[in-house]
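Asks: Line by line, the protein sequences are chains A and B.
Everything in the first sequence is counted per our numbering, starting at 1 for the first residue and increasing by one.
Everything in the second sequence is counted per our numbering, starting at 609 for the first residue and increasing by one.
Rather than coming from a laboratory, the hints here were simulated on the basis of the structure.
Treat the hints with care, since some could be wrong.
Unchecked claim - Quick list of in silico lysine-lysine cross-link-like pairs, DSS-like style, CA-CA up to 25 Å:
no.	chain 1	residue 1	chain 2	residue 2
1	A	191	B	774
2	A	356	B	774
3	B	774	A	422
4	B	774	A	592
Unchecked claim - Computed footprint of chain B on chain A, listed as stretches where at least three residues anywhere in the stretch have a Cβ under 8 Å from a Cβ of chain B:
no.	stretch
5	196-207
6	288-300
7	579-591
Since we're looking at a predicted model, the values are computed, not measured.
Cβ coordinates follow ideal geometry from the N, Cα and C atoms, glycine included.
2 protein chains.
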Amino acid sequence: MVGKRATRFPQEEPPSVVAFLNGQTHLVTIDLGPGLVTSDVISTGSGYPILTNDDMATALEVTYSNLEFNKSILARGVDFDDLTCITPSSGWFGPEEEGKRIVKVQCFSNQDTPNFYMRPIEGLTVTVDIDKKEVIRIIDTGRGIPVPKATHTDYTYTTNSPFSDKAPMTNPMSMEQPKGPSFNVNGHTVKWANWVFHLKPDIRAGMIISQAMIRAEDGEYRSVMYKGFASELFVPYMDPDQAWYFKSFMDAGEFGLGSTAMPLLELNDCPRYAYYMDGVFASADGRPFIQSNMICIFERYAGDVGWRHSEIPVMGFNIRESRPKVTLVARMVASVGNYDYIFDWEFQTDGLIRIKVGLSGMLMVKGTLYENIHDISNTNTMTGPLVSENVIGVVHDHFISFHLDMDIDGANNSFAQVNLVKEQTLSGQSPRKSYLKTKRNVAKTEDDAKIKLKLYDPSEFHVFNPSRLSRLGNPTGYKIVPGGTAASLLDLDDPPQIRAAFTNNQIWVTPHNKSEEWAGGLLVSQSKGEDTLATWSARNREIENKDIVLWYTLGFHHIPCQEDFPVMPTVSSSFELKPVNFFDRNPIMGVKPTFQNDLPVCSVASSY
Amino acid sequence: MVGKRATRFPQEEPPSVVAFLNGQTHLVTIDLGPGLVTSDVISTGSGYPILTNDDMATALEVTYSNLEFNKSILARGVDFDDLTCITPSSGWFGPEEEGKRIVKVQCFSNQDTPNFYMRPIEGLTVTVDIDKKEVIRIIDTGRGIPVPKATHTDYTYTTNSPFSDKAPMTNPMSMEQPKGPSFNVNGHTVKWANWVFHLKPDIRAGMIISQAMIRAEDGEYRSVMYKGFASELFVPYMDPDQAWYFKSFMDAGEFGLGSTAMPLLELNDCPRYAYYMDGVFASADGRPFIQSNMICIFERYAGDVGWRHSEIPVMGFNIRESRPKVTLVARMVASVGNYDYIFDWEFQTDGLIRIKVGLSGMLMVKGTLYENIHDISNTNTMTGPLVSENVIGVVHDHFISFHLDMDIDGANNSFAQVNLVKEQTLSGQSPRKSYLKTKRNVAKTEDDAKIKLKLYDPSEFHVFNPSRLSRLGNPTGYKIVPGGTAASLLDLDDPPQIRAAFTNNQIWVTPHNKSEEWAGGLLVSQSKGEDTLATWSARNREIENKDIVLWYTLGFHHIPCQEDFPVMPTVSSSFELKPVNFFDRNPIMGVKPTFQNDLPVCSVASSY
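Isolated chain A, as found in the complex:
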């Protein structure tokens, strides 16, 4: 087990409770023993707590009872019974909207479809002060733009609906486990194969993995990660229009990935034999509520190979060895308004952890006069492609920043960039002119570990324990392996980018500090960006042989297309945490192959 949380540097204790009362944000610390409030600090910086369901309901009520708004809706020819409005966060764009809690309200027609998102009432934006319960401003610029039709927008399945017989159909499949799953969950502790970790539903991060440990060959459980979670999710839309410029969402801090995690749909969101875990959170009034079936845990066998080798006959060995790959997945889905974010933490027996984010749900679309590209004289005025008649899919990005408090064999770790550098051979040294060589640079301070990934200047990125060497003298470590990703290209001084400055690099390393958990700051709604990973890290603190936190931001550029209408096929990307000289050798060499008798005998369900 890991000795943890020695206070090596002064740390601000993060609040137990963030509460908003009478226009003030209270950061409250509570001692659960005696049941006392030990500290109640009123925030003086920018930013407000997560918007609650009550806040959103308030914004809608205020809007619905506003006369000017009602006139606009009437003028659009939309029936009030068909109206659905959403409450996008306002971001921060200067002093005008400071000092009050603001949300925007924008509306849609749900006539003939539950997929109101595809029927925007374009250009109508209501700005609401949710504490004063008043409309501050209504901008109504798009009255000439028709509400797009409902045709082909309803994606819901009901046994009554005549579903397309042209849809691609496959026979049912199921991952079956004749002897049952191999994991067990005790409270929040998950034990599976050689892994054990703690899994906690969280109203903001959605899902927190902590104290992840893996068993080595000698039976010792060794620490890999103290804590890992999605810290912030930045979604800037690429449209400067009045009804669009503010859409630069910080979903974790503004809405909460856990508070928007609806119950998972059994057999579809997660396979059979999944274990479902509830979340228990506080409502706006402090009372608990249950987010049921919020996380699922399941084993995966996808036909993949853990390792294998065959020998070609000329070598004289008749070798055909292969081992199936079985993994464990913890999954949570945040439905932040239109978008669904599928978060997977996948654990492999070889020590690898894959963190995957899948995007589905609905596009945020913009109404337009045009039904066809050929009607548009200047497509350069469009901020995204036409994805249906009168519907533009506005270009946008997604950035998900992960807080990864690695504890490789203990709290004190270092970060090394293992750079692959081209070397030139000397004349006459070799028939080769060039080759690559590794240069290992251990980061001393935070500035050494602010990494922009480069295809033509590649590196591995290791978190290692300088005090624990392998049998061969290599430091034990894990590397972070980026997959497909994207970088933010916005101006560094653009307000959304200042607030989401954690996207200025793909990798950062900070010394552990209890109050530095949220990459976009503790109080994100309308924050000015003075409490972000970038501001903390500007101090350029020492990070060598310390309790360090690795931050990785996974990015997506999304240029929509017709296939994203009216609901998007899942798009995924991932990154990996992978052992590097952590084990003395391949830790799954001893795994058994699958034999015919291991497999179940199955038949169709009797009631089929």
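Given the coordinates of chain A, assemble chain B onto it according to the supplied hints.
Replies: Below, chain B alone, put in the same frame as chain A:
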């Protein structure tokens, strides 16, 4: 169906047979009708055909009967009965070895282990002329370096062997299909869900997918790809030493991905219910031989989500919709000596094709005096990390170049780079300072489509049909979506890089030319690199609205680690071909969810 192969520009007919006889390479064209040789051209350029098993056996025989070699082995203290030798290709490094067919021979001890790869006899390299059947040169520099021990190198499973009870174990799992698989194979035509394609085993490419078509909503089968396959595989090792400099393998052209594809191991290489396809190839003497169970085809359900959406309660809709993702995989594994390359073509019902390459098998390792890092005074002299006592895992790269002859709705296509460019807003235009905008540039000639991927200058890459517009007026297309990849950093004028110049860019587009199939050239062994994708493409031909071929190279940098010893856990990377405005809307919206009754009733096997 697609009207194809109109000869729009002069095309050299590729040979039906490449044969090596009496020191000459014959490029023979045959008319199967009358059974006549219509052309027999003797190659005058550099390069030789794929090395055959006979060639390799010859090289070994010549070596084993060489006195000096035998003395060296004796001096190393290796018993002849324990000797296993391999035949790495020699590459091309100038005039010295030109004009004769050369392979290198290097040897290992298989004493106490079938994993001889981990027991190199370091520094001993025999150069053999396989046609003259004579040893040209023996270099023996490493006599002081011990042969690494056999300890912990045997990875084979036998029911007799006492397997580690410390290995991470999971209960058996199986992807079960109570109503059977949904695909059928008729000869080489595979039909599944909305896809139909032709699948051909190939001695060089391993597996060729052709005439891939997908059914649209109106029932029409629409062309996506005329032909796709792994065209070349370049593996340069990063060590300039005499025994290592030449290791710059071109595995498809030197050894053949199909000729090294051993029978797949049922239930482990591929899941239950997989269909296995044999390859029938020609031996060195022209007689057919069967590569049995060389390709498997199976359906995959991995617990993933095709699309989904939940609505948060405040919106007033109780929506929980999710659809499981079932895909079809065609798999082939090439065991090119020590390395195993797992090639997957995965088809999704939403139109996406994922091409994945997994790497497993054994490292190519180098013997060293050292048992521990601390014994090494200057680790800078090492060309890779110590992965076991006396064993260095030499740093290397893998580049797999795919030939993707896209035919989106017909043969004539264009290539567009859809660049995401930062735009600055005008003063007063918007509270936002910046946003991204797409700039679509259609490539006119090959030079416009030589792409180096850039994280900070991102683009989408579309192949589209300029003559077929969607309902909305968008051209129908597919985009290539790179995932994690790597670029070659070797000098452009380094001989291995000249030969593998297809790695100079990640993406290329060429006009279709029948004779331009192999990115490293038709005759690769000892080629000088005058017949590669880079030389063809230097002509800068027109590629707009033509039958075009997209080339993508997937790359891996591999810095070995202890976990790769003695057999490597699979490392994978992939890229995708994805519809973009090809369908009018999400093509899997009508797919049914899974219900309890769809799932099988399973029990453990009776003999369990």
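Asks: Taking the hints in turn, state whether each one holds.
Replies: Here is how each hint holds up against the structure:
A hinted pair counts as satisfied when its Cα atoms are at most 25 Å apart, and residue 191 (chain A) with residue 774 (chain B) qualifies at roughly 15 Å. For the hint pairing residue 356 (chain A) with residue 774 (chain B), the CA-to-CA distance comes to about 29 Å; that exceeds 25 Å, so the pair is violated. Proposed proximity of residue 774 (chain B) and residue 422 (chain A) is contradicted: the alpha carbons are some 41 Å apart, above 25 Å. Taking the CA atoms of residue 774 (chain B) and residue 592 (chain A), the gap is about 12 Å. The hint holds against a cut of 25 Å.
Figure legend: the stretch 196-207 of chain A, annotated as covered by chain B; annotation inconsistent (0 residues with Cβ-Cβ distances under 8 Å, at least 3 required). Here's how the stretch 288-300 of chain A fares: 3 of its residues keep a CB closer than 8 Å to some CB of chain B, so the rule of at least three is met and the hint holds. Coverage of the stretch 579-591 of chain A by chain B holds [criterion: at least 3 residues with CB-CB distance below 8 Å; count 13].
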